[in-house]
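Spelled out, the chains give:
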Amino acid sequence: MTAMLEVTDLQVAYGKIEAVKKITFSVDEGQVVTLIGTNGAGKTTTLRTISGLLRPTGGSIRFQGKPIQTTPAHEIVSLGIAHSPEGRRIFPRLTVEENLLLGSFSRKDTANIKGDLQAAYDLFPILRERAKQPAGTFSGGEQQMLAMGRAMMCRPKLLMLDEPSMGLSPLMMKRIMSTVRTLREQGTTILLVEQNAQAALRLADKGYVLEVGSIVLQGTGQELLASDDVRKAYLGED
Amino acid sequence: MSTVSTPTQIAPTPGYHPSRIDGLREQHGRLAWLLVLTGLVVLAAGCFLSWSYDPEILGNLSISFNPGSLQLFMLTAAVLALVYALAYRGPLRGLGVWIDSAKALMVLGIGALGFMAITLAVVAVTSSGLINIDPGGWVSLVGSLVLAVGGSLLERRPTKDTLHAQLPAWVEIGTIVVLMAMLLFGAAYALGQTDGNIFGLFLVFVVAVAWSLFAAGFFTWLGIVAQRHRRVLMLGAFAVAFLFPFTQNGSDANMSIATQVLIFAATALGLNIVVGLAGLLDLGYIAFLGAGAYTAATLSTSAFATIGWKPPFLVVVLLGAIVAATLGLIIGTPTLRVSGDYLAIVTLAFGEIFRLSMSNLDGNNGPDLTHGPNGIPAIPDLQIGSFNFGDEHTILGFSLGRFANYYFVLLVLALVIITVFSRLNNSRIGRGWVAIREDEKAAEAMGVNVFGLKLFAFASGAFLAGMAGTVKAHQDVSVTPDQYVFLESAFLLAAVVLGGMGTVAGVFIGATILKLLPEKLRFISDYRLLIFGVLLVLMMRVRPEGIIASQRRQLEFHEEDEALAERIEEVHLEEEAQT
Chain A
1 MTAMLEVTDL QVAYGKIEAV KKITFSVDEG QVVTLIGTNG AGKTTTLRTI
51 SGLLRPTGGS IRFQGKPIQT TPAHEIVSLG IAHSPEGRRI FPRLTVEENL
101 LLGSFSRKDT ANIKGDLQAA YDLFPILRER AKQPAGTFSG GEQQMLAMGR
151 AMMCRPKLLM LDEPSMGLSP LMMKRIMSTV RTLREQGTTI LLVEQNAQAA
201 LRLADKGYVL EVGSIVLQGT GQELLASDDV RKAYLGED
Chain B
239 MSTVSTPTQI APTPGYHPSR IDGLREQHGR LAWLLVLTGL VVLAAGCFLS
289 WSYDPEILGN LSISFNPGSL QLFMLTAAVL ALVYALAYRG PLRGLGVWID
339 SAKALMVLGI GALGFMAITL AVVAVTSSGL INIDPGGWVS LVGSLVLAVG
389 GSLLERRPTK DTLHAQLPAW VEIGTIVVLM AMLLFGAAYA LGQTDGNIFG
439 LFLVFVVAVA WSLFAAGFFT WLGIVAQRHR RVLMLGAFAV AFLFPFTQNG
489 SDANMSIATQ VLIFAATALG LNIVVGLAGL LDLGYIAFLG AGAYTAATLS
539 TSAFATIGWK PPFLVVVLLG AIVAATLGLI IGTPTLRVSG DYLAIVTLAF
589 GEIFRLSMSN LDGNNGPDLT HGPNGIPAIP DLQIGSFNFG DEHTILGFSL
639 GRFANYYFVL LVLALVIITV FSRLNNSRIG RGWVAIREDE KAAEAMGVNV
689 FGLKLFAFAS GAFLAGMAGT VKAHQDVSVT PDQYVFLESA FLLAAVVLGG
739 MGTVAGVFIG ATILKLLPEK LRFISDYRLL IFGVLLVLMM RVRPEGIIAS
789 QRRQLEFHEE DEALAERIEE VHLEEEAQT
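Protein chains in written order, with the numbering used here: chain A, 1 to 238; chain B, 239 to 817.
Chain A extracted, bound-state conformation (with noise of 0.2 Å):
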């Protein structure tokens, strides 16, 4: 079996600055796959070049077979891979349905999306108390829950949350993750990004360490847990 997504060689630079270098890696059918590092390890870099909104310099990037590295960012979304943003970047000014329907933009098949906001009312109900309330309003969290209803609007494929937990509390964190789950058990592969380790690398098939725009180390998540150079450098353990 092909993967979904593979990425091979993948080199991004801004100007001179490389910020990531030659990393490998893929993304089954079906899976959830994690990529962990410390801040400035290249992995948001690596996500928006996935999703078209930077060039890489050298590699190639394989969705379902065909090359993407060179489409440009809107026909990446209609291929089928959402991007659930860094800081989340909802409209804060739009109303959560508004913000909703935005998610939908890319997709010919209108008739479908009314029954796919529901859906999305479904995964998260307080998005639906709140349809009409401008996004702005909303707690970190349920900005978080918004973002990523967002992007399950253009109904991906793959989907990529770029550090979902980040300024949540444990509690809503909890929430997030769980969401998650429930998104693979529905069938969406997803890769996730995550400065949370722990948290990622329980939810997640595979994963791999970044470490200043390198791979370092890959493994099952169970196998990355037990690994005693993530456990020191990642976890918090001696």
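Everything labelled a hint here was simulated from the structure, so no lab data went into it.
Among the clues, some could well be false.
Below, simulated EDC-like cross-link-like pairs (lysine to aspartate or glutamate); rule was C-alpha separation at most 16 Å, straight line [to be verified]: (1) Lys679/B with Asp28/A; (2) Lys679/B with Glu86/A; (3) Lys206/A with Glu75/A; (4) Lys132/A with Glu808/B; (5) Lys132/A with Glu804/B.
Once you've looked at the hints, dock chain B against the given chain A.
Same frame as chain A, but now just chain B:
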């Protein structure tokens, strides 16, 4: 509106803060109300007496018991004050639950005081001496002063949100119709004034009344009603605009101003797509109007036209629009990748390049296309079938002059532009523009084709301006480069910002203010830039979202306002309940 008020429904007015003066207000509530009554009666009484010894000044204010027009304004104000006063305490209490009559009375009193003060000052100055003011003037001045004092001492009461006012539909529609009729007659009256002083005082009166209605919360209600009966409102506005030339008895003086306003407004509406919807700052927009005008001029049957081909006018309109849109694409493709300040500078330069090109395509530097600074004069009037736009026509006994003919064409054009604008605004493309304006990066991540949509905004805005330009060429008779200077672009932008970005009605109001005032108030024309500058600064300070604001815009400028956020939610829910 029901007369029963349940206290639980009453929420404090937003922005209402109790202060020391409230204590005073509580103590003297009854006294203040009596003061208001006294003030308005004295004000009205003064209107029946002579204000001025000299009958030549400000119409004729010198005959007792035969009020002149200015005196009728103040009588109207007194009647309005009476309605507010009775709503505050008395038989109209049911109305008083909904409107902030205390504040409205204060504003109206201050407005009337200002009106009286200016009137008396004008009388004294133009007839050299206070001695020429007759007692009636002083009586009304004192009356307005008492009214203002009484109004400010009234106790402020919290009001109910007019969103929940349930009136029969015919009352709401009736209100719209009456307002539209008032607009028509007000506009005809104002434009009929040749005396700049009377025109100015009429404006003061209108602003005072409008402000007091605003303070009363009337316009909030009107906004909701307008939403509910949008069709009626559109139809009414169009009917008013259509009927306007029939009030002018074939006179071209005002119709010429009206056509200028329409061209200006139509162009500003095109700019509103670029600035108001897509959020791109364009400082060279006048060039697209110019492109349309030059296309029409070079293809016209003028002896100075430089292109031999003479297609019918509808083809010219289309061609002008296409030329402008192509220019929009050419300038947009390389520049729309930059944004904000950079885009503003590039478009500013583009506007200047256009003007300079037009002055230089004179045969000395390149082909002779535009006759350089002399431009293309003697563009003949439009002729569609046997209907010549230069002639006076009589329809149903009303004579309509040259400018009235153009006015109707421009009205149709404006209607087309409004339709295009609102269709785009409510479409998927419109949603994409909103997303780009709010957060370009996030929009891109959502699958919005940012560059494509920006380019489309640029081209469609240019297209509409080009259409307006083709009519402008014929109406102005000549096309020269100096009609398309940077200042015109700045004025267009000012009309959009002043009126309210992203709205149709706002832009029309902004355009009317910016074009009409300098025409009618000739005595300020030397200072018009100064005055507009001050006006814009004040506007940014007091109401940055423009005269008529879309609610999303309001949120943009008052992000911390939770009451506003809640209100928006309520309005949305209300809208949903109705569909």
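Evaluation of the provided hints:
Simply put, Lys679/B and Asp28/A have alpha-carbon atoms about 28 Å apart, too far for the 16 Å limit, and the pair is violated. Distance restraint check for Lys679/B and Glu86/A: the Cα-Cα separation of roughly 11 Å lies within the 16 Å cut-off, and the hinted pair is therefore satisfied. For the given pair, Lys206/A sits about 27 Å from Glu75/A by alpha-carbon distance, which is inconsistent with the 16 Å threshold. The suggested pairing of Lys132/A with Glu808/B holds, with an alpha-carbon distance near 8 Å, which does not exceed 16 Å.
Of the supplied pair hints, the one linking Lys132/A and Glu804/B holds, its CA atoms being roughly 9 Å apart against a limit of 16 Å.
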